[in-house]
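Two chains, two separate frames, one set of hints: put the complex together.
Heads up: the sequence lines are chains L and P, in that order. For the first sequence, position 64 (counting from the first letter as 1) is numbered 64 according to my numbering, and the numbering increases by one without interruption. For the second sequence, position 103 (counting from the first letter as 1) is numbered 264 according to my numbering, and the numbering increases by one without interruption.
Bear in mind the hints are in silico, worked out from the structure with no lab data behind them. Bear in mind the structure is a predicted one, so any value in this text is a computation, not a measurement. Honestly, I wouldn't trust all of these hints.
Here are the simulated DSBU-like pairs of lysine-lysine, each with C-alpha atoms no more than 35 Å apart in a straight line [unchecked claim]: (1) P:LYS225 to P:LYS254; (2) P:LYS282 to L:LYS65; (3) L:LYS73 to P:LYS254; (4) P:LYS218 to L:LYS79; (5) P:LYS313 to P:LYS242; (6) P:LYS275 to L:LYS81; (7) P:LYS218 to P:LYS242; (8) P:LYS275 to P:LYS225; (9) L:LYS79 to P:LYS313; (10) L:LYS81 to P:LYS218; (11) L:LYS73 to P:LYS258; (12) P:LYS242 to P:LYS204.
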Amino acid sequence: MVKFIIKIKYISVISCLAVSFYLASNSVNSFSESIDVQVREISLHLMCPVCSGQSVAESNAQLAKDMRTAIRKQLEQGKTKDEILQYFVNRYGETILSSPPARGFNLLIWLLPTLGIILFGLILGNFVYKSKLQNKNKVIRDGINDSEFSDIENDLKKYDL
Amino acid sequence: MNIIPRVLQISTFLLIAFFIGILGLSIIGKKNNNNPVSPLIGKQFPDYEIQLFNGNKLSISNLKGNVILINFWASWCSPCKEEFPALEASWLKHKDKQVVFLGINILDDKNHAKRYLQTYKSNYLNGVDSDGSIAVDLGVAGVPETFFVNEKGIIIDKYVGPLSEEIIDYYINKTKSSNG
Numbered sequence: 001m002v003k004f005i006i007k008i009k010y011i012s013v014i015s016c017l018a019v020s021f022y023l024a025s026n027s028v029n030s031f032s033e034s035i036d037v038q039v040r041e042i043s044l045h046l047m048c049p050v051c052s053g054q055s056v057a058e059s060n061a062q063l064a065k066d067m068r069t070a071i072r073k074q075l076e077q078g079k080t081k082d083e084i085l086q087y088f089v090n091r092y093g094e095t096i097l098s099s100p101p102a103r104g105f106n107l108l109i110w111l112l113p114t115l116g117i118i119l120f121g122l123i124l125g126n127f128v129y130k131s132k133l134q135n136k137n138k139v140i141r142d143g144i145n146d147s148e149f150s151d152i153e154n155d156l157k158k159y160d161l
Numbered sequence: 162m163n164i165i166p167r168v169l170q171i172s173t174f175l176l177i178a179f180f181i182g183i184l185g186l187s188i189i190g191k192k193n194n195n196n197p198v199s200p201l202i203g204k205q206f207p208d209y210e211i212q213l214f215n216g217n218k219l220s221i222s223n224l225k226g227n228v229i230l231i232n233f234w235a236s237w238c239s240p241c242k243e244e245f246p247a248l249e250a251s252w253l254k255h256k257d258k259q260v261v262f263l264g265i266n267i268l269d270d271k272n273h274a275k276r277y278l279q280t281y282k283s284n285y286l287n288g289v290d291s292d293g294s295i296a297v298d299l300g301v302a303g304v305p306e307t308f309f310v311n312e313k314g315i316i317i318d319k320y321v322g323p324l325s326e327e328i329i330d331y332y333i334n335k336t337k338s339s340n341g
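The shape of chain P in the complex, shown without the other chains (with noise of 0.2 Å):
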């Protein structure tokens, strides 16, 4: 007859340990959880046709052979403004080792933009994505977001939040062992 509070007992014991479990498994998740992974990392970058702030056009397929770090940032951004510098030393030291640096400006006022781009004296490769047609197509969530494609063309890593030089090098790095 006591055997029934007995199983009440355990019963509840396991249900309430197996809520914990999870509860911790979720936090240690969210932990995790501050760079997502993007499921087109290994994938090949789409060939797109960027309108470039200089006026040019750029074909992405023009740009295979080199590794590309493809930034996506809009001018109202602190986290850009915050990465910016980061950008452009990095490009400075990387520009002649065959790595091309690219930004693409969405979800932004196409005149900001261009005024940005002029106060902090941007040197690498800038253009917009004025219908946001391909921040969708990469599975861009918001700014600064950035791809980093090796010289065949396939995407190597995805990086959300703002860039320092190191992580930069890391990632360049990471993408140029990634060809052999």
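Chain L with its partners taken away, still in its complex shape (with noise of 0.2 Å):
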């Protein structure tokens, strides 16, 4: 009877440590995940400084490897996503950003397709009102042959209308 409480003692304490272990193991693998995902996550907000329109997530580049390389450690001191972008905008300026920030000279880029649509809308809105004039004016000289039309504009100009 000792001998098989023993036995139970021995099964549930390897148990608990296998379960344990597998939970720890379940854990650091997922904390990696997500890092894994954090870090791309940020380089996708990183432009690669040598590398023509690629993120740091796209590129292959040295430099952006080791940009990743200083996400990844920053993030494992618990650093914030906005500080980490922080930190590479105080070193590498504004220009670092995918998407500079909606201010000053910056502002422009995010005004500037607007303003462009509005400009194309006003040249149309121009076009349409000239050739609806134009077709108003042909309209009006329907059924009048071009000298009955030349006499109503010297009878206007003589009577001064």
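This is the structure:
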């Protein structure tokens, strides 16, 4: 009976250890996975300084890899996304950001497409207005030949109308 | 009634003028942006421990009291080869005037870098940033890039591109005068 109790004790201790090892390894895996996701998320907001039009997340350049390592280290130190982005802005300037903040001169980047649409609308409006006006004149002249039309114009001039 | 096309024409003209203005500004901005200002200018140069090629370790804080020229380079970089004679000649000219030259190799193979230093017979201090952490921490975007640090450890300037003796003299004098 005593032997049986000891066996059960051993089994339960081993089971507890196995369960806690499984849980611990799972949490380590999910932690590193979540760090990977965060590194990618942050590096998508940064432009690779030595690549053309690629973000730090997309680039295979050595500098981009070094930047991703720096992001990882800072995440492990408990820094937030904003703090990490600010770290890079403090070193490379705002041009390092893939979407510059909408303030100051950068505001133009956000405003220009809207202004472009307005400009296009104005040019189109002008064109439509002019062609309508021409059509209207054409309708007025319908049914009158050229000599009659010039007579009318001369009369209008003559009577200062 | 005739006011509508007039307003349309004026608005269109103003918007086109605005677009041309912005285009002009961006072209002028690009022309003046060959040597972009680093946000680190005016800040304290961080204290890194650098592994030198001669086997020693160097702490930047030990160099305080000197003007420091810190040049980032790589053995594969042609502009770095181009500027190397100017760096060596300037170092000989300034080495006894409380000016320290420090080369930091980045984005490179360590053996290639060693061979490069042997080939070009570098005499000033040269170290390596093997994991690129110093380069990232200083906002280095490529090679060659050079920082000028004054006697108090403040970053006075950053130069992007190959240096000549004249450029080095100009920045060293500027850095020295910033101490007073």
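Cross-check of the supplied hints:
1. Distance check on the hinted pair: P:LYS225 and P:LYS254 sit about 20 Å apart at the alpha-carbon level, within 35 Å; holds.
2. Restraint check: the Cα-Cα separation between P:LYS282 and L:LYS65 comes to about 31 Å, which is no more than 35 Å; the hinted pair holds.
3. Annotation: proposed proximity of L:LYS73 to P:LYS254 is violated, straight-line Cα distance about 41 Å (limit 35 Å).
4. Proximity of P:LYS218 to L:LYS79 is assessed by CA-CA distance (about 30 Å); at most 35 Å being required, the pair is judged to hold.
5. Among the hinted pairs, P:LYS313 with P:LYS242 is consistent with the structure: their alpha-carbon atoms are about 30 Å apart, no more than 35 Å.
6. Of the supplied pair hints, the one linking P:LYS275 and L:LYS81 is violated, its CA atoms being roughly 38 Å apart against a limit of 35 Å.
7. A C-alpha spacing of about 25 Å is found between P:LYS218 and P:LYS242, which places the hinted pair at or below 35 Å, so the restraint holds.
8. Our distance criterion of 35 Å between C-alpha atoms is met by P:LYS275 and P:LYS225, whose separation comes to about 27 Å.
9. A hinted pair counts as satisfied when its Cα atoms are at most 35 Å apart, and L:LYS79 with P:LYS313 qualifies at roughly 30 Å.
10. Straight-line distance between C-alpha atoms of L:LYS81 and P:LYS218 comes to about 34 Å, which keeps the hinted pair within the 35 Å bound.
11. Restraint check: the Cα-Cα separation between L:LYS73 and P:LYS258 comes to about 39 Å, which exceeds 35 Å; the hinted pair is violated.
12. Between P:LYS242 and P:LYS204 the alpha-carbon distance is near 29 Å, which keeps this suggested pair within the 35 Å criterion.
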